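S.K.: These are the residues of each chain, in order.
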Amino acid sequence: MGLVADASSNLGAARAQMGLSLGWHIVFACLGVGFPVLILIAEWRGIHGDPDSMRLARKWAKVAGVLFAVGAVSGTILSFEMGLLWPGLMGKFGSVYGLPFALEGFAFFIEAIFLGIYLYAWDRLKPKVHLASGVPIAIAGVASAFFVVTANAWMNNPQGFILVNGQVTDPQPLTAMLNAATPVETGHMILAAFMVTGFLIASVYAVAMLRGRRDRYHKVGLLLPLIIATALTPAQIVVGDIAAREVADNQPVKLAAMEGLAHAEVGAGEHIGGIFINGQLRYAIVLPHVLAFLAKGDINATVQGLDSVPPQDRPEAVTLIHLAFNVMVGIGFLLLGLGAWLLGSWVRGRRAPASCWFLRAAIVAGPAAVVAMESGWIVTEVGRQPWIVYEVMRTADAVNPAPGLYWGLVALVVVYTVLTSVTVFVLRRLARSNGNGATGVAV
Amino acid sequence: MLANVVLGFLWGGITAYVLLAGADFGAGFWDLFSGSAQRGEARRHRIAASIGPVWEANHVWLIFALVVVWTGFPTVFAAVGSTLYIPLTAVAFGVILRGSAFAFRGAVTDLALQRVFGAAFALSSVITPFFLGTVAGAIASGRVPLGTARGDVIGSWLNPTSALGGVLAVEVAAYLAAVYLTADARRVGESDVAEWFRSRALLMGVVTGLTAVAGIAVLRADAPHLFAGLTGRGLPLIAATALFGIVSLVLLLRRSYLAVRVTAALAVVAVLWGWGAGQYPDLLVGAATVTSAAAPNTTLFFLVISLSVGSLFLIPALMLLYSISQSAPPETQPRYRP
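Each protein sequence line maps, in turn, to chains V and D.
Numbering (this note's numbering) for the first sequence: 1 to 443.
Numbering (this note's numbering) for the second sequence: 1 to 338.
Bound conformation, chain V alone (with noise of 0.2 angstroms):
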């Protein structure tokens, strides 16, 4: 009894832990892969004589060597969670989907390699190999995020296995890499992870233009990462949209729950806002017809809601996963507005918006990204409770059962709310450093 009590109440504290430890280093890990191809791009336009690039280059490369090691080593812990937290999912289906981490770990050191070549070794080789030996750190980013990720899709999409009474047999681990999840799931974070790098280091250029640092410095700095965010931006939506399809034919529960339908709705109607009471949506606005058009191409269609399963199959908060997923939608298409303006811009006089108003959208949208960024992931893992792997393993069934694991919980809480204001101090600090010889206040 003692120990069943336990494993209930580790079940919260676990997923807490998780979920900290996975929110934290989303962040990290998307300036892991977005920002080398950021750095790569100033340092060839550097190369080919612009001298602002350059210097940005130099800067961001030693604001990344520090962004690198913290998110490098968030990610470990990660790996060790998914031990002391989850050994009833890895002991069953390790076999089933360790394989892609696997695959992860040799991109972790191609990028771990080239980053200490690329980062220490700037002055002793000649400009073009330097650049070249930047490649691999944004080719082995990208496909690590590819890796990972394909393990997420897989416990939203489990397949590649067959259990014969509760035992794995015939685990197929390429099968389960490449599941149908898998190509949405990844396109949508690799995109994500650009789009978060790209509007969050404009935020700060725009930090210091609107401070009156209007040179051609913090110019480039500002548009050299807007452009690409926002030029990936309406991909991001589109691949968004075929995101939400593919969960609406394989997880209807979770589209359910991000939609906010409690009950089957033919011609479903687009809920925005509103919270569950009694487990019904209230105060939403509803655009009619629209998420049976979205979700099924036909807007007399059936849409299922929430009661299609059993209580106990229901994820509990869909507050949370419905507004989540409002707020990620909101927000890209903001900063698809930012774009445009961006866009209209340059159209009309070939050049950026100089208002201040622009600049406070742009300061805004890197904040604005990471959210969305966040709210995606709480969609995703949130919205496929109450279940680890969906339809096959509960998360309670997964979850260590050992006493006093929420001791872990607390330490996480107190150590990352150090490592937040420690890293942030002294991101803030190089920020101040050196970048501008004469006036020292470069960005």
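Please keep in mind that the hints were generated in silico from the structure rather than gathered at the bench.
Since the model is a prediction, treat every value here as computed from it, not as a measurement.
Each hint should be verified, as a subset may be incorrect.
Partial list, computed: chain D residues near chain V (C-beta under 10 angstroms) [said to hold, decoys possible]:
1. 38
2. 72
3. 77
4. 84
5. 91
6. 112
7. 113
8. 117
9. 250
10. 296
11. 309
Beta carbons are placed, not taken as given, at the ideal position from N, Cα and C, and that holds for glycine.
Based on the hints, put chain D in the right spot on chain V.
M.R.: The following block gives chain D in isolation, referenced to the frame of chain V:
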């Protein structure tokens, strides 16, 4: 057969982790004992310059080992992770603290902050190998049963063999680091620093040897199964450890800095493989063997293919990194300054 190949990759990865990342932790140990900010400046600088370009790559061997275990021997991973969650949590926090504190120290310029981050880096460089050693001790002494959290979550790692494992891990790391750093300092012409590390290497070599000898009694009383394995099938390797250990001390006395790198590493490899040979074929003593715990053949097949192809990329890349970081002329070596 395939399971043994995977085990070979795993043990190779763990060996690389001990020899490479172990030395990075050991460098942190010496950072802790380098003396005041003024006196220790040159030593700390040598430590930072030596591990700066390589520690992240060396650290990946740990992730490599974890993913190979959970894919190739999933039930062993679940058993170890769930029973030993306390020391493994300590390791995870140690890893975070070490990596970020080291990166932060390199990124700030004022002395007070460098001291704070340096202390965090150095302390975590001791904590992390210690707890990894307790985990090794727990597994080696057969305290991790198969199944989810079936073992004693405290006693599994709080026992004489784990304590021995923890202490030995810290000492071995410090010993390797001192040996490597002696040669690094010599190469860039810092003879004072080289002498300081050389004397520490000699000291730590003797201390580690004595700990190992005392450890024989501990293992005999606390882990008879492991003791039997080490004195049985593992004996030639344990004897080799003693031999390489003594040769290393002689080479250090004779100032053969490059040769001692090899023999010191071989001494550590021999003890690690002696443990492996003594415990083989059990992964969890008396509970899981390499074949009984292995994933089905399809998984092992794809894992071996992945590991082989991955190694084709990894090994040349690693050689490139080490040759670049070891060939830096003295004047361009100082500090991380991209």
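S.K.: All hints are to be evaluated individually against the structure, with a verdict given for each.
M.R.: Hints, one by one, checked against the model:
Interface hint status for residue 38/D: violated, as the beta-carbon distance to the closest one in chain V is roughly 23 angstroms, over 10 angstroms. The interface hint given for residue 72/D is met, as the beta carbon of that residue sits about 8 angstroms from the closest beta carbon of chain V, less than 10 angstroms. At its closest, the beta carbon of residue 77/D sits 5 angstroms from a beta carbon of chain V; the interface hint therefore holds under the 10 angstroms criterion. Hint status for residue 84/D: holds, given a least beta-carbon distance of 8 angstroms to chain V, under 10 angstroms.
With a least beta-carbon distance of about 7 angstroms to chain V, the hint placing residue 91/D at the interface is held under the 10 angstroms criterion. About 13 angstroms separates the beta-carbon of residue 112/D from the nearest beta-carbon of chain V, more than 10 angstroms, and the hint is not met. Annotation: residue 113/D was flagged as interfacial toward chain V, and the flag holds, the nearest CB pair being 8 angstroms apart, inside 10 angstroms. For residue 117/D, the interface hint holds, since its Cβ comes within 10 angstroms of a Cβ in chain V; the closest pair sits about 8 angstroms apart.
A distance limit of 10 angstroms between C-beta atoms decides the matter here; for residue 250/D the minimum to chain V is near 34 angstroms, and the interface restraint is violated. Taken as an interface hint, residue 296/D checks out: its beta carbon lies about 6 angstroms from the nearest beta carbon of chain V, inside 10 angstroms. For residue 309/D, the interface hint holds, the least distance from its beta-carbon to any beta-carbon of chain V being 8 angstroms, beneath 10 angstroms.
In terms of the numbered hints stated before, the structure departs from hints 1, 6 and 9, listed from lowest to highest.
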